[in-house]
Amino acid sequence: MRDEEDPRAAASAGSAACPRSPDGEEVPTILDKPNGATYELSIPARIEAVGPLCAFLNTIGECHGLTEVDLQALEISAYETSLNIIEHAYGFDPEARILIRISLGLRRVCIAFIDHGTGIDPEMIPPPDVRDPNVRRRGRGFGLQIIRKSVNRMRYRRLPSGENRFFILKELARNGYRDAGLFAMRGGDTA
Amino acid sequence: MTEKAAGLRLREETIHNDPIVSLLELEGRFDAEGLPQVLAEIERCRAAGSKRFLVDLEKVSFIGSAGIGIFLSLVEELNGEGGGVVFLGVPEAIRRIFDVLNVLEFLDLRDRKESAMKTLLGASVDATT
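Keeping their order, the protein sequence lines are chains A and B. Here the working numbering is used: position 96 in the first sequence is 96, and no number is missing along the way. Here the working numbering is used: position 40 in the second sequence is 40, and no number is missing along the way.
Simulated from the structure, these hints should not be mistaken for laboratory data. Even for Gly, the Cβ is constructed at its ideal location relative to N, Cα and C. Mixed in with the good hints there might be a few duds.
Claimed, not checked - Cβ pair distances, simulated, as ranges:
hint	chain 1	residue 1	chain 2	residue 2	range
1	B	GLU114	A	ARG155	44 to 54 Å
2	A	VAL69	B	ARG112	21 to 31 Å
3	A	ASP129	B	GLY82	17 to 27 Å
4	B	ASP99	A	ARG137	17 to 27 Å
5	B	THR14	A	ARG107	29 to 39 Å
6	B	GLY80	A	ARG157	42 to 52 Å
7	A	ASP132	B	PRO36	33 to 43 Å
8	B	GLU81	A	ARG140	13 to 23 Å
9	A	HIS88	B	ASN17	41 to 51 Å
10	A	ARG155	B	ASP99	16 to 26 Å
11	B	ASP99	A	MET124	38 to 48 Å
12	B	GLU114	A	ASP93	27 to 37 Å
Claimed, not checked - Here chain B is said to cover these stretches of chain A; the calculated rule only asks that three of the stretch's residues, wherever they fall, bring their Cβ under 8 Å from a Cβ of chain B:
hint	segment
13	78-85
14	105-116
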């Protein structure tokens with residue numbers, strides 16, 4: 001059962017500390033899992049929606065006791081991934097949306113980004129050669145490199161249906177996870 | 001102090017006249033929403049003849065790759081024109097991002113304004129502003 005159908009969980013998700021999506025929808029949608037916590041939200045593929053996503057990520061990360069360094073790495077990775085989807089996969093299509101699923105475990109956090117835009121395999125994009133002054137002068141193409149260096153693993157898949165799935169996985173510096181009672185979830189290790 | 005972009009405040013001040021040194025003081029989140037504002041301010045200063053920038057990042061809580069790209073681009077441009085950019089009070093989280101991109105060696109980071117001004121104006125100038 002999805003917790004959002006439970007009136008108690010709905011009340012919890014609607015607390016003042018819980019951010020809303022740019023559409024005004026209540027987030028997070030809490031998916032009931034026996035040994036962990038997964039949050040799922042859909043955001044418009046627009047630049048102004050990325051700030052609230054970062055705020056949301058910070059809120060749940062703090063609730064789960066993630067360290068500041070881990071949170072910063074996750075925030076910048078989620079930010080850069082979302083911008084890449086908005087710009088390169090969707091070409092700034094204002095009607096497009098990105099589905100984001102954040103799974104918190106005892107020792108790691110996995111974030112999945114799902115879109116239906118143009119597929120771009122990050123493995124095919126070489127890191128920027130910052131020793132080249134022209135690369136620095138151009139001042140672009142650093143986002144993917146930040147993601148690569150900020151998380152422990154990333155993976156891209158394009159499904160036959162045209163759906164793009166991009167996963168980032170961050171090993172936590174220490175067992176940062178704790179039961180975030182604010183969102184009425186159970187603790188545990190899913191990752 | 002202007003506040004056009006969500007989460008970013010930007011203040012510009014000419015802190016030395018001959019040569020012109022522009023202080024850009026940023027505060028809050030420097031993400032994609034704040035880019036146009038920062039770019040416009042840099043362009044305005046450049047049009048006014050500034051080739052030296054002191055960029056104060058002490059109160060910046062977040063910077064994205066596009067923001068870093070703007071600064072790298074500015075450094076390259078001004079180095080080629082005999083000017084320069086010095087970054088002041090760069091928080092540890094932002095240093096880490098500079099570090100993962102291997103761009104620290106191309107940036108001049110200072111903790112003290114006096115030291116930054118000496119670099120921008122040349123060691124022989126008494127930078128007391």
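*Checked against the structure, which of the hints given earlier come out wrong?*
5, 7, 11, 12, 14
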